[in-house]
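**Q** Whenever a hint applies, use it, and build me the whole structure from the sequences.
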Amino acid sequence: MSEERPHDMGGMSGFGPVIAEANEPVFHDRWEQRVFAMVLAMAAWRKWTLDASRFNRESLPADMYKALSYYQIWLAALVTQMLDAKLINPQELETGQADGPPATPPLTADRVRGALSRGGPSSRDTGRKPAFAIGQKVCARRFGETLEMRLPEYARGRTGVIEQFHGNHVYPDTNAFDLGENPQPLYGVRFAATDLWWGKQADPRHSVRLDLWEDYLEPA
Amino acid sequence: MAHDDPEPDLTALHLGQRVDQLETLLVDKGLVDRAALDAIVDVYENEVGPRNGAKVVARAWTDPAYKQRLLADGPAAIAELGFAGRQSEHLVVVENGPKVHNLIVCTLCSCYPWALLGLPPVWYKSAPYRSRAVIDPRGVLADFGTVLDEDVEIRVWDSSAEIRYLVLPERPAETAGLSEDQLADLVSRDAMIGVAKASNP
Chain V
93 MSEERPHDMG GMSGFGPVIA EANEPVFHDR WEQRVFAMVL AMAAWRKWTL
143 DASRFNRESL PADMYKALSY YQIWLAALVT QMLDAKLINP QELETGQADG
193 PPATPPLTAD RVRGALSRGG PSSRDTGRKP AFAIGQKVCA RRFGETLEMR
243 LPEYARGRTG VIEQFHGNHV YPDTNAFDLG ENPQPLYGVR FAATDLWWGK
293 QADPRHSVRL DLWEDYLEPA
Chain Y
22 MAHDDPEPDL TALHLGQRVD QLETLLVDKG LVDRAALDAI VDVYENEVGP
72 RNGAKVVARA WTDPAYKQRL LADGPAAIAE LGFAGRQSEH LVVVENGPKV
122 HNLIVCTLCS CYPWALLGLP PVWYKSAPYR SRAVIDPRGV LADFGTVLDE
172 DVEIRVWDSS AEIRYLVLPE RPAETAGLSE DQLADLVSRD AMIGVAKASN
222 P
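Residue numbers (my numbering), protein chains in the order written: chain V, 93 to 312; chain Y, 22 to 222.
Bear in mind the hints are in silico, worked out from the structure with no lab data behind them.
Hints may contain errors.
[What the hints assert, rightly or not] EDC-like, lysine to aspartate or glutamate: derived pairs with alpha carbons at most 20 Å apart:
#1 146/Y - 310/V
#2 221/V - 310/V
#3 120/Y - 170/Y
#4 292/V - 195/Y
#5 292/V - 171/Y
Computed from a predicted model, the values in this text were never measured in an experiment.
**A** Right, here's the structure in full:
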């Protein structure tokens with residue numbers, strides 16, 4: 093696992109079997125419920141984007157990312173984002189005592205269901221035409237000048253085929269850093285297992301699809 | 022963690038107390054409405070879950086025209102049944118067949134079609150599943166006791182952007198007389214992720 097990208101684990105070995113819990117509850121503890129709900133409710137302030145939240149969770153130190161549970165990671169990123177956005181200050185976090193007059197929460201109980209059922213689409217009708225055609229061979233970029241934050245390591249430098257054009261979507265590599273949405277073409281790209289893996293995993297009966305932005309791709 | 026690290030020690034035993042303190046702080050500061058937090062939890066504990074997806078699958082099994090609409094435009098088709106929203110805004114439904122099996126994963130995080138399946142189970146978010154689904158899908162299916170014929174093609178969908186996927190499982194044999202509700206009972210969350218098949222009646 094890359095120390096810089098501990099979350100980027102597709103194709104890694106050594107984690108053991110998948111173990112499903114029978115009759116698993118939606119949340120395992122009350123604090124998980126509260127963290128989940130706080131993350132969604134605080135997003136209503138629109139001080140950060142979903143891409144920024146993912147980036148914050150995924151840029152925790154690798155040893156921390158591996159040691160923490162899922163909702164602990166959400167909590168750590170939420171605290172960092174609230175501090176960075178100056179919605180809370182370190183002293184308040186330490187003492188639990190609010191410093192200053194109260195604000196008005198943007199998300200009230202009566203608006204929760206409407207907000208959740210509306211969601212937040214990431215497509216943008218910009219009219220930009222896709223540079224790649226359905227059926228065209230493309231190569232996913234190797235580590236380059238930018239992060240390509242949603243391009244898994246296992247696909248980098250690999251050749252695939254454009255299978256779908258999803259329209260123009262918000263570009264996470266700028267949207268995560270307050271550099272704008274910069275929507276661009278998003279494609280469904282099929283990679284044959286024989287082009288991704290070696291040995292018995294290079295199974296001709298198996299393929300992987302990824303959704304990749306135009307800047308993640310080059311003509312093959 | 023370094024002693025001078027300003028971040029709270031999240032691995033501490035008193036996580037529950039720490040989270041309560043944070044919630045109280047956010048409520049006192051007027052940053053969140055406590056009733057809104059309760060409502061969010063209620064939605065995902067009691068209203069939005071795999072039963073939604075199962076209803077969509079059962080409708081697709083019984084109404085060929087609906088199935089065509091579902092495969093062509095997922096968000097519009099689920100909206101017909103009153104399902105829509107967060108983490109399913111860009112839904113693509115992929116259909117299993119005798120020679121094709123689909124499997125959904127998010128190797129980078131935990132992307133999942135919330136509006137149809139609710140929140141993902143722990144195993145879906147875990148390193149074993151995220152690491153292996155793309156390289157050894159047959160091995161992962163075996164962990165769930167699911168065995169495919171040798172000649173079945175597996176398509177793994179790694180949800181790397183905001184497109185969310187749902188597997189339309191094959192309708193089990195000998196279900197001709199069942200109602201939509203009875204059919205929905207055969208459709209598990211795991212079948213709609215692709216780690217299982219729909220159950221036999």
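**Q** Taking each numbered hint in turn, which are not upheld by the structure, reported in ascending numerical order?
**A** 1, 4
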